[in-house]
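Visitor: As a plain string of letters, each chain reads:
There are 2 protein chains.
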Amino acid sequence: MTNQRYRSVDVVVVGAGLAGLSCAHVLSGRGVDVLVCEARDRVGGRTDSVVVDGETVDLGGQFIGPGQDRAYALAEELGVPVFPTYTSGVHLAEDDSGRIRGFRGRVPRLGGLSLLDFAQAEARFERLARTVDVEAPWRSRQAEWLDSQSLAVWIRRTLRTAGGRRLFSTAARLLWACEPSELSLLHALFYARAAGSLRTAMAIEGGAQQDLLDGGAHALAVRLADRLGDRVRLRVPVRRITYGGDGVVVAVESGETFRAARVVVAVPPTLAGRIVYDPPLPAARDGLTQRLAMGATIKCMVVYPEPFWRAAGLSGYALSLRGPLAAVADSSSPSGRCGVLVSVLEGATARRLGGRPAAERRSVVLEQLAQLFGPGAAHPAAYIERDWSAEPYTRGAYAALFPPGAWTQYGPALRAPVGPIHWAGSETATRWYGYIDGAIRSGEAAATAVTSM
Amino acid sequence: MTNQRYRSVDVVVVGAGLAGLSCAHVLSGRGVDVLVCEARDRVGGRTDSVVVDGETVDLGGQFIGPGQDRAYALAEELGVPVFPTYTSGVHLAEDDSGRIRGFRGRVPRLGGLSLLDFAQAEARFERLARTVDVEAPWRSRQAEWLDSQSLAVWIRRTLRTAGGRRLFSTAARLLWACEPSELSLLHALFYARAAGSLRTAMAIEGGAQQDLLDGGAHALAVRLADRLGDRVRLRVPVRRITYGGDGVVVAVESGETFRAARVVVAVPPTLAGRIVYDPPLPAARDGLTQRLAMGATIKCMVVYPEPFWRAAGLSGYALSLRGPLAAVADSSSPSGRCGVLVSVLEGATARRLGGRPAAERRSVVLEQLAQLFGPGAAHPAAYIERDWSAEPYTRGAYAALFPPGAWTQYGPALRAPVGPIHWAGSETATRWYGYIDGAIRSGEAAATAVTSM
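Going line by line, the protein sequences match chains P and S. Position 144 (the first sequence) corresponds to 785 in the numbering used here; numbering is contiguous. Position 40 (the second sequence) corresponds to 681 in the numbering used here; numbering is contiguous.
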């Protein structure tokens, strides 16, 4: 790319995650002159990968599932093969005291009364979720009431057994990477509704964890960036957006500036709020970004010479009420070159262990895996982790969380453009909020919005 | 001040609000070479004033009251006279339907059952508040439980009457400038405890609104800045803090940099989170600033040729369940040059009216004042307002709000220094959090911390 100091383009996109890249991809296909400014030295945002022993291992978002049509379509367009998450054999469930039992199907064997309690609460949650307007959650029938309470309060009030509450809270941590106290009930319901249902969001088969991408989900971003070529600039953190009736000037850290008719800011809301806007953004938009904090995750990928658990009749899928890992799954690629277990430390656990030395985290994670899958699990070929809260250009995962009150007080500012400034990112999606598919949808929607005005 | 490009000082203070200025004042008095970098073209932070017809009118924080020892001491040191808020005569209370009744003393006449309900809830709140550890709210006896729920849920569960709930919710809006749904119960309790009690926080006589400063609270900041002279730099927004074992380099918008052994960041947490730190701040500190959003206030100051309500036997103090103003008070100075009514639009009301034209807000406010104090109130000499959420270098008032989960998950990061970076601002105070007095205390505490290490 030419390195003029005041390059002009039609549209600047801030952030080369899947939202920004999808947006630029669509715009570019329509003949729009687009430039993507990425702060990091890599593309992919909340997807990333490393190669271990010739095998690509995802360090960020990786699963896709039915209903995520845009993710499947993009994978097909880019020639990234899809394969099913391995689930053959017996799953494991670890209770509070560390007792491990096998199970098949969707439901672990963790005490009958707790499970019944959980199932009733789940049904009630699904019914409530169907009352949420995904386009405008603040307009849902009982919006004020649903948004006035945390998910923790709802769990305490709805479930009767301590075991059921622990189960529901663990599910919440898995889905949102936060404590149930941090989340508005309305947001939890919206999120489930945007994914179809809570069950879809939680499930492997038939749900959001059904499939994996051969070569990694990060390959989607890499291939999109390849197609965009020099329209993607790395290592250019956007620090200031000056805007008015005649367009925008986007200034990056080095002082270099880009002029455009419009800008699409495709980074998490909390990071969008850290850019300097001139003139300052309206109070409603700024107030929104003050409130949408990210979940806390440390993703732990453990690579073995082979998926040894399969030979023992185990699926590699495990749920644990004891932790620190609440869930583990097999994400080995079809190549058969090695075995990979994926797991994530979430919410309070991620915060606590995130402050400890890496060696301690590794040892805690491997110890739990050994208890679940046998002593062989304690000796991997590689242990790779990524604390997404420590990444300055992400600052948490999986997605932004709406605390109580935020949707009803600030929701309308989430997607509304401010003059020539448009907003994208998985948080602006009305379907699959927080997922890879939502990111792609949001980028495509922003591309349509900026070209239709 | 000399304008070297790489000026070196002992301590850089970010923000010339009362926290930053108090810090610099103490440091300077101890012979420490200090430089205060202020983004705006004025000092004072959340205090500010204008002069109308020779009279100083406060557009930000203005009241002080018993227990705020540092505020009184500073006013005395700086020669700013204190005078009692005018409360002689009859107060007014407007109910939901706009019916207005007079009252004397603390308690409005708004339906006996509602008041009884409110009084019982208040007593219960005070008892709970006494269980909170103000130094470390996350260590309070029932911290997890108190922090898992919004104040809205507690109000709904604790109060029995619709009238009582409305009354408590209105009190909450007055104190925290947000909807009760946005606030963690633990935070509300902590705040009250840090002020002594809920009753102290709410009261005029014997409480946080007891006294005013002749010449305005903003005069404290102006006089501190006068004493500091060229140690205060205006129009230098701090954009980057590079730090390490040998100190800090603070870079301002123009590119100018200042070296120091330590830096005290004395701005609201959400704004502190928008500075670029190199290396990036730990996840715990960043996660905190992602969560602490500011309350929403539009302060409306209405100036009349004289305090005409006094002649009618009215105190100028009014409470309203109907709104849009929830409370009005007399803040005329002892000079007798004019009459001033102070009022604030808060929370949802501020958000709604903040998006409307200024003329509409003016007319809505004056209409309500006319209903309360008679038609004369509709024709002021001046109407001056300040939307603190729209100010890029404040972004809300009165203070940062902890949503559910934030104190227990991120509380320890609020005051903990990160290497040579210290934090000040009213939000870091353990007494009078969110008040002028808390700001002064926090600045003085930071000054002690940076000199004792």
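Just so you know, these hints were derived from the structure itself, not from any lab. Among the hints, erroneous ones may be present.
Sample of chain P residues with no beta-carbon within 10 Å of chain S, all distances over it, derived [stated by the list, open to error]:
(1) Val650
(2) Arg671
(3) Val692
(4) Cys819
(5) Ser822
(6) Pro921
(7) Ala968
(8) Thr1049
(9) Tyr1051
Derived coverage of chain S by chain P (criterion: at least 3 residues anywhere in the stretch with Cβ under 8 Å from a Cβ of chain P; other residues may be distant) [unchecked claim]:
(10) 684-691
(11) 806-812
(12) 851-865
(13) 1062-1076
Don't be surprised by glycine CBs; every beta carbon is placed ideally from N, CA and C.
Visitor: Take the hints in turn and mark each one as holding or not.
Guide: Hints, verified against the model:
1. Val650: Nearest chain S Cβ is 25 Å from Val650/P, so the label holds.
2. Arg671: holds, 34 Å
3. Val692: holds, 26 Å
4. Cys819: Violated: least Cβ distance 7 Å, not greater than 10 Å.
5. Ser822: violated, 4 Å
6. Pro921: Per Cβ check, Pro921/P is inside 10 Å of chain S; nearest 4 Å; violated.
7. Ala968: Non-interface label on Ala968/P holds, nearest chain S Cβ at 21 Å vs cutoff 10 Å.
8. Thr1049: Non-interface label on Thr1049/P violated, nearest chain S Cβ at 7 Å vs cutoff 10 Å.
9. Tyr1051: violated, 8 Å
10. 684-691: violated (count 0)
11. 806-812: violated (count 0)
12. 851-865: violated (count 0)
13. 1062-1076: violated (count 0)
Checked against the numbered hints given earlier, this structure breaks hints 4, 5, 6, 8, 9, 10, 11, 12 and 13; the rest are met.
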